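*Asks:* Here is how the chains run, residue by residue.
There are 2 protein chains.
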Amino acid sequence: MISQAVIKEFERILGKEKVFLDETDRHTYSYDAAVLEPVLPSVVLRPTSSEELGRLVRICNENSIPLTVRGAGTNLSGGTIPKKGGAVVLTNALNKILEINTEDLYAIVQPGVVTAKFAAAVEAKGLFYPPDPGSQAVSTLGGNVAENAGGLRGLKYGVTRDYVMGLEFFDVNGEIVKTGSRTVKCVTGYNLAALMVGSEGTLGVFDKIILKLIPMPTGRKAMMAIFDNVIKASETVAAIIAHRIVPATLEFMDNFTIRTVEDYSRVGLPTDAAALLLIEVDGHPAQVEEDAAKVESICREMGAMKIRVAQDAAERDKVWEARRAALSALAKLKPTVVLEDATVPRSKIPAMIQALEEISRRFNLTIGTFGHAGDGNLHPTILTDKRNKEEWHRVEAAIDAIFDKALGLGGTLSGEHGIGMAKSRYLEKETSKGTILFSRRIKAALDPKGILNPGKIIGE
Amino acid sequence: MISQAVIKEFERILGKEKVFLDETDRHTYSYDAAVLEPVLPSVVLRPTSSEELGRLVRICNENSIPLTVRGAGTNLSGGTIPKKGGAVVLTNALNKILEINTEDLYAIVQPGVVTAKFAAAVEAKGLFYPPDPGSQAVSTLGGNVAENAGGLRGLKYGVTRDYVMGLEFFDVNGEIVKTGSRTVKCVTGYNLAALMVGSEGTLGVFDKIILKLIPMPTGRKAMMAIFDNVIKASETVAAIIAHRIVPATLEFMDNFTIRTVEDYSRVGLPTDAAALLLIEVDGHPAQVEEDAAKVESICREMGAMKIRVAQDAAERDKVWEARRAALSALAKLKPTVVLEDATVPRSKIPAMIQALEEISRRFNLTIGTFGHAGDGNLHPTILTDKRNKEEWHRVEAAIDAIFDKALGLGGTLSGEHGIGMAKSRYLEKETSKGTILFSRRIKAALDPKGILNPGKIIGE
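Which chain is which? The protein sequence lines are B and W, in order.
All the letters of the first sequence, read from the start, carry residue numbers 1 to 460 under my numbering.
All the letters of the second sequence, read from the start, carry residue numbers 1001 to 1460 under my numbering.
Calculated directly from the structure, the hints in this document are not laboratory data.
Honestly, I wouldn't trust all of these hints.
[As the list claims (entries may be wrong)] Which stretches of chain B does chain W cover? Using the computed rule of at least three CB atoms under 8 Å from a CB of chain W, they are:
id, segment
1, 99 to 105
2, 182 to 191
3, 444 to 453
[Unchecked claim] In silico PhoX-like links for lysine-lysine, alpha-carbon gap of 25 Å or less:
id, chain 1, residue 1, chain 2, residue 2
4, W, 1117, W, 1096
5, B, 232, B, 212
6, W, 1389, W, 1334
7, W, 1232, W, 1096
8, B, 294, B, 332
9, B, 405, B, 232
10, B, 84, B, 449
11, W, 1405, B, 449
12, B, 429, W, 1212
13, W, 1084, B, 212
14, B, 208, W, 1405
15, W, 1294, B, 433
16, W, 1018, W, 1125
17, B, 429, W, 1208
18, W, 1405, B, 125
19, B, 212, W, 1212
20, B, 332, B, 318
21, B, 208, W, 1433
22, B, 433, W, 1306
23, B, 232, B, 125
24, B, 449, W, 1389
25, W, 1125, B, 294
26, B, 332, B, 232
27, B, 96, B, 232
28, B, 208, W, 1334
29, W, 1232, W, 1332
30, W, 1232, W, 1405
31, W, 1405, B, 405
32, B, 212, W, 1449
33, B, 208, B, 117
34, B, 429, B, 405
35, B, 433, B, 405
36, B, 212, W, 1208
37, W, 1449, B, 405
38, B, 294, W, 1405
These numbers were taken from a predicted model, which means no experiment stands behind them.
C-beta atoms are modelled at their ideal positions from N, C-alpha and C, and glycine is treated no differently.
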């Protein structure tokens, strides 16, 4: 619990109106999008300047108060669930785009800027910020960096870490650390910006983020390939990559997901298809035409029943909106939705999809599978009810089986959702005891009292 | 000094023939390509397997023996200069390409693989590994990763860190740490691979490196734009980027460099030009044609006297070879050659080039300037003789002035050569006291005895 003296200190720094103590407020920030129990913080703080933010960090450290920074709380692995009795620091008032530099192709932002708003501001200047996590409409860039968020375009354009050129952040003492640069090349000191990417708020608190921008591709074309067989669809993914075509997006949806999404969004998806691939190629218009033609012919060769090419931007956007609605649509069906993101090398997608079907049968569970097939990052989604203990045990066993399969195929536990609290205990399975110890040494050195988002990634 | 018992232990593990104690051998590994005094190690070790490598690390730590890993020793900031009395570990027998995976677009290599050999092996399979540091003909991939090596293609394709998907390395205790993945997306645990990139051998010893590969572009076109005025040339660089064209390479050479290179390599460079831009665009053939035409017209508008387009691959290669010879050519002119790599946002290239001319005059020094103008990474090269103390003082003052200017323009101390021993004392100027302390905390936690390449980046 936090002493009254410290609360007074918070109020002195922020003003009373930015220190939230009501139980309702604290409940609001006790959970995120992961299937985990809520944990009530003692206080919720809403700084409006860098200076306030740095002072809060210092006070929390001095008083050993656990501190969890929160953007939009869309985290799927419990990364934003606070420590009992600790403080939640909101970034939603630190939401300024400080600079978009069109000459040198970078932007500087505060952590609370909303991803989609930023992408739109960048696009308005003719530039492109590719990372597009599913939650981009509400997620914040600070959260994206803390989680190394992925998205639909990972295949061709990489993920958030590929766009972080530099960071300014507060260490646990509230001292400012500057790392990286506005330049494409920078080897000045340790690559601390990269260490902070994906560190889930456990090593420091972001103040400013320098993001790389690229020119907007001049052409794009989207299509939908419809299959009567899941395996054919998944083999098509591998075939496209093997032909040296790297689409901007290459998404997969199984029949269960197609029907659920169609029911939810009515965009005219073929509900009788066993699987769909949603493919977009972009780049120079000539390249786009060629790639689109090649992709179409590969799909046909691999046995697609039908291929629909989006005739205009509106038609294209409708399909992508439907795809983005997949999680929301699935979430409506059952009280508990477990969205996994074990990831495999892309050529192993057919094996992984076969394994998911087998796991669904073996544990007698409803698993809808969709996701970023082009980069091997599927989202098997288990629909269940956590209150049903017997079924929940089967869910846990199925998750273990999914992880084992992904690792067996040379993959990884998490492609883009993070380890958080949900997967912490599996970490050693993929890495080594030495890796955990090495990570804990870093954590202990940078946060000796363990106040920065305790319990995430490497456990307590 | 290392005790006889430890030497015996090294010989037991490696065999006598891989433990070098002769003064001649030790001299060979006492220096690198930086302008710094050589430092004699006590022993040079040449492991031939991962197991041997791990055991050497452990023994060095147990016996507090400073350990410097060395690839080809092409380092320009003293990163491979050992600690007096310490051990040098050679990676040249750990030189196997373990896998090139054409389906999933990655490769796994040992640290001693030579960069250019690897790039050629990848190209033979129709794929592309873009990072191309100037020393690629001899440099090793382990060295490239340890230094986050750049090269001519940084502008469009990024630098080494953009291609490191995963690493297995030995921590200071000789325990294996696994980080990253064979998948495009991976957020399993801290981004340790990225922390190791550019850490200059101070945090661990690489065992295996997973590198990202991309499809080879299908078209390319190179041209040379000739200017009678340095500023016009430098403004053209900014104009090209501002037109949203990102060439694969965009190199600058001033008159002094042109004349020196031509004298050295006789490829027909225009020795009366004030400056040259060497530009290559690549991608889809239609894109290449368009971009090349646009670049040509921008160059003309900006006042280029002449533009020569390479008519075939042989002509193109000849120009790039000449460009790559710049350092060697300049190095022949004077006993001491100081190659700097302060880097600025690309729009600041004209200001930087003007500043370099002014600094050259102010300190009465010969400075040849060439380099990767497209990514703001120039290489002002000071020709001098370190034995001339009076001139050397002016050189040091000029280097300070170059750093101050680059930082004043929003740039960085080092784009690609590393901090090593040469720039360690300047680090705080660019970052902050907090940054140095934060970095030292990491170093102390991961290498408590300070045996891993002591004195590099953050000083002793």
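*Asks:* Of all the hints given earlier, name the ones this structure violates by number, lowest first.
*Replies:* Going through the list in order, the structure violates hints 5, 7, 8, 11, 13, 15, 16, 18, 22, 23, 24, 26, 27, 28, 29, 31, 32, 36, 37 and 38 and respects the others.
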